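Q: Here's the letter readout for the chains.
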Amino acid sequence: MTDELPPTPEPSIFERMRTRLTPDGVPSDDRGRMRMVVDSLILHLHPTKIPDRTLRWTYTWGLGGLAAVLMMVLALTGVVLLNNYTPAAPQAYLDILELNSNVWFGELMRNLHHWSANLLIIVAVLHLIRVFITGAYRPPRELNWLLGMLMLILVLASNFTGYLLPWDQLAYWAITVGTSIISYLPIIGNWLTRLILGGPEVGPNTLLNFYSMHIALIPLAIFGIMSYHFWRVRKDGGLSIPKSLDESESGAEIKLERLTTIPNLVQKELIYAIAWVAALLIFAMLVPAPLESIANPDLSPNPAKAPWYFMGLQEMLLHFHPLVGAILIPGLVILGIFLLPFFDLNPRNVGVYFRSRRGRALTLLAAGIALIATPAWVLLDEYLLDWTGWLPSWPSLISNGLIPLLVITIPLILLDDWVRKSFQADTEERVLFIATFIFTAFIILTITGIFFRGPGMALYLPWNMPTH
Amino acid sequence: MTETRSHRLEILIGTIATGLIVLALGLYILFEPARVQSAGQDILHVQLDDAMSLYAENCAVCHGLQGEGIGSIPPLDNPALRTMTADDLFKTISRGRFNTAMPAWSQSDGGPLSDYQVNEMVQLVQFGDWNATKDRVVNLGLAPLVPFTTEPDPALFEQIGSLPDGAILQTAIKIFAAECVSCHGADGLGTKIAPALNDPLIREKTAEELNRTVTLGRAGTLMAGWNNVLAPEEISAMVTLIQRWNEIPLGTIPAPNVPIATTTESIAKGSDLFIANCSRCHGPTGQGTPRAPALNVKSVLTTTSDQALLQIITNGVPGTAMPAWGNRMADADLQAIVGFIRQWEATAPEVAQPTVGVGGPPWRQAATQTVKAALDWRVLLGLTILLATSFSLVSIGYTELVKK
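Residue numbers (the numbering used here), protein chains in the order written: chain V, 554 to 1021; chain Z, 71 to 474.
Since the hints were derived computationally from the structure, they do not count as laboratory data.
Keep in mind the model is a prediction, meaning the values are calculated, not measured.
Hints may be right or wrong, so weigh each one.
[Claimed, not checked] Restricting the straight-line Cα-Cα distance to at most 20 Å, the calculated cross-link-like pairs of lysine to aspartate or glutamate (EDC-like) are:
no., chain 1, residue 1, chain 2, residue 2
1, V, K858, V, D979
2, V, K974, Z, E470
3, Z, K244, Z, D257
4, Z, K473, V, D979
5, V, K821, Z, E80
6, Z, K244, Z, E274
7, Z, K368, Z, E335
8, V, K602, V, E935
9, V, K858, V, E935
[As the list claims (entries may be wrong)] A few chain Z positions that, by computed beta-carbon distances, are all more than 10 Å from chain V:
no., residue
10, I99
11, D158
12, D179
13, D223
14, L226
15, P270
16, G295
17, N297
18, G321
19, V328
20, A402
21, D403
22, E420
23, S460
24, L463
25, Y468
Just so you know, even glycine gets a beta-carbon here, dropped at the ideal spot from N, CA and C.
Full structure from sequences and hints, please.
A: Here you go:
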């Protein structure tokens, strides 16, 4: 009765470790392998199957994923950089010198962090454009559009606060110019600037404020919102795809082929991430992040420029009264982007680039017009227009603010009217037209500010730029 | 079919990228020790460069053009100093040296320099290139123009002997010419670094107050206490001189002719400034025009000292078209122009040939230059690309729109 089982040999310590690392054991059959895939952590993030169509590179360009990869690179290099940084006024700069001259891989970490941060801004904006142009912000994705916009603002804030940390001349004066834009806010402007700077001007308190925002507040907020953003993507039914192929085609339902996430999507993501990390790494090895001499409040460079992504705003200040150029126009544009999903309710053509052939034609038209109109306006305003001189007794808010604003908005309204009447453009196509126009103009203003403004913020050709 | 091909391509890209990461990191670590070292050298060079400007602004006036020391102020281009520890040098510079003219330079001791800048100065003393420092001082126009000592004018000096207590005044003038003129200027009229002593307001002060200042110095300024250099009776002679300076004729303690130091850069700068500001009247090569006399001529250059040229350019010539440039240009610019004019002396002709009727109105000369600069090929290329892109975008868009 009591047949003794043959004594099973005690598993070795290595055996036990191996089995505990894969609690259900390593599957030996196909069914087991499939279960392992299905139970994978990755499927908390991704659905098990995704439409074939959303896997195309040329649809998303992997921009959202790249932004997430850059976030990870920034978090990792940022934590490493923390080990050699003191947020105190002259010491911060000495720490950067030390990092460059005494720490192995110190400069590489700084370069990686610097270039990833700047690339992130470009990638985040391109992601926004991709989502906008394919209409992927329409119901039910309104909330995710808002979250994305919020994150873009946080990414800018993160870059801006990080800009000050090296405490060199570049940092000091870019932050001085950048925060002076905030002080143009009516009523609360000066109070808010003092709050952010921790005093009347950029100083040791500002460095400490920016440090805490840069390493704790903003990253926490971004990671919270980012998780929510990912979760919403899945809850909103994955990436946007068109219900019908195209207006011009039969309009029949497309037959969607669905593929498993593992390995089809995961492999693409992994390879994309590795390729970008390799590119970033090599770029960071070859191109050092800029570092000028130590911050000197008594010696302002000429011209003193804001960080490059705010050069469009600084350029606007040269053409408008600050209340109009720095507050009213950017405020309205940002408000418009936030509200976009709520006045464009057309569910047609979601997931199609430019939404329709007419939409694409209008986009090209708007870009083409803005490409020539914006430099023309900049040149005109620099050399011919002199509103305050022509209307000396008028308050400058009107003569240098509202009048030039009208002068540029009236042609835009007329253009919009022409597009609506002549080509029967509907609301979504007109939104596309105007947004393309404004965006192209902003890009050109930014380029002008970065490359064509020299001493005294006068216009110069980049290759004739005086060095002193 | 295509699925597997793109799949294989992805795997290939992934493998290459991983290989690149490994390879790049491997190569990077090989070069890292050298990079770290050269980065340290780069930083040292930047800091030395900074320190040279600080030296020109703060130290050259006492320690000389290239740290050679002036009078009783010690030289800095000195091997003994280089062997001092950085810490000792830092303390000396930041806190000053008691009982000498060396004041405290650190901001925490009431001076103008931050700790970072004091450290840069320490590095200049330890590793600096004093010839390069000399060039920097000259380029910034901060070369000490008045030497530490001068000789009193003999005739006027004799006259003073006949004044009441003339011997005391003579003693004081000798001391002033030897010790004080470098800061307080010729005839005690003051320089940029020290106030005028030949001044009614100073004369109003009591002998006791003046005596205390000379004996103990003035805290927080470059004025040192002189009690360990001068005897008490010499100090009281100085006080007498300060109180009775209105009796001393001007020119008794003259500024001697000190040639203005030049460097290649300062002459190039002077040339630019001359062409921009002076050539319209004095001619492009200083040969003169009907509006203004020639400068590039032996008769002018041999009889006019650098100081006199500087004086003429700074203050202008009243009653002529020559304006005063002193309030429109920095000192470095004025000195650069003098240096540029001076270098003609070797080749200047005996008699000048003024140019007549060249160039036309200035706006025409300027306009041709601007148009030439604007029609650069890069501008044309840029404009062409901009216009072509804009035109093609608009035309593609428009034809697409009207097609339907």
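Q: Now, for every hint given, state plainly whether the structure supports it.
A: Hint check:
1. For the hint linking V:K858 to V:D979, the alpha-carbon distance of about 41 Å lies beyond 20 Å, and the restraint is violated.
2. For the hint linking V:K974 to Z:E470, the alpha-carbon distance of about 16 Å falls within 20 Å, and the restraint holds.
3. A distance of roughly 12 Å separates the Cα atoms of Z:K244 and Z:D257; the hinted pair therefore holds under the 20 Å criterion.
4. Among the hinted pairs, Z:K473 with V:D979 is consistent with the structure: their alpha-carbon atoms are about 17 Å apart, no more than 20 Å.
5. Of the pairs offered as hints, the one joining V:K821 and Z:E80 holds, with about 7 Å between alpha carbons and a cut-off of 20 Å not exceeded.
6. Between Z:K244 and Z:E274 the CA atoms are separated by roughly 23 Å; this puts the pair beyond 20 Å, and the hint is violated.
7. Between Z:K368 and Z:E335, the direct Cα distance comes to roughly 24 Å. Violation of the 20 Å bound is thereby established for this hinted pair.
8. Restraint check for V:K602 and V:E935: not satisfied, since their Cα atoms lie roughly 57 Å apart, outside the 20 Å limit.
9. Proposed proximity of V:K858 and V:E935 is supported: the alpha carbons are some 18 Å apart, at most 20 Å.
10. Separation of Z:I99 from chain V is inadequate, the least Cβ-Cβ distance of about 8 Å not exceeding the 10 Å criterion.
11. Remark: the non-interface label on Z:D158 is consistent with the geometry, its nearest Cβ contact in chain V lying 21 Å away (cut-off 10 Å).
12. Z:D179, annotated as away from the interface, keeps every beta carbon of chain V farther than 10 Å; the closest lies near 17 Å.
13. For Z:D223, the shortest C-beta to C-beta distance to chain V comes to about 42 Å, beyond the 10 Å cut-off, and the non-interface label holds.
14. Interface exclusion of Z:L226 from chain V stands, the closest Cβ pair being 44 Å apart, more than 10 Å.
15. Non-interface status of Z:P270 relative to chain V is upheld: no Cβ of that chain comes within 10 Å, the nearest being about 35 Å off.
16. Here Z:G295 stays apart from chain V, with its beta-carbon at least about 30 Å from theirs, past the 10 Å limit.
17. Once the 10 Å rule is applied to beta carbons, Z:N297 is consistent with being away from chain V; the minimum gap is 36 Å.
18. Every CB of chain V lies more than 10 Å from the CB of Z:G321, the least distance being 39 Å, so the non-interface label holds.
19. Here Z:V328 stays apart from chain V, with its beta-carbon at least about 28 Å from theirs, past the 10 Å limit.
20. The non-interface label for Z:A402 is consistent with chain V: the shortest C-beta to C-beta separation is roughly 12 Å, beyond 10 Å.
21. Against the 10 Å criterion, Z:D403 stays outside the reach of chain V, whose nearest CB is about 13 Å from its own CB.
22. The claim that Z:E420 is not at the interface with chain V holds, since no C-beta of that chain comes within 10 Å of its own (minimum 39 Å).
23. Listed as outside the interface, Z:S460 is inconsistent with that label: its C-beta sits roughly 4 Å from the nearest C-beta of chain V, within the 10 Å cut-off.
24. Listed as a non-interface residue, Z:L463 fails to keep its Cβ farther than 10 Å from every Cβ of chain V; the least gap is roughly 3 Å.
25. Distance to chain V contradicts Z:Y468 as a non-interface residue, since its nearest Cβ pair spans about 6 Å, not more than 10 Å.
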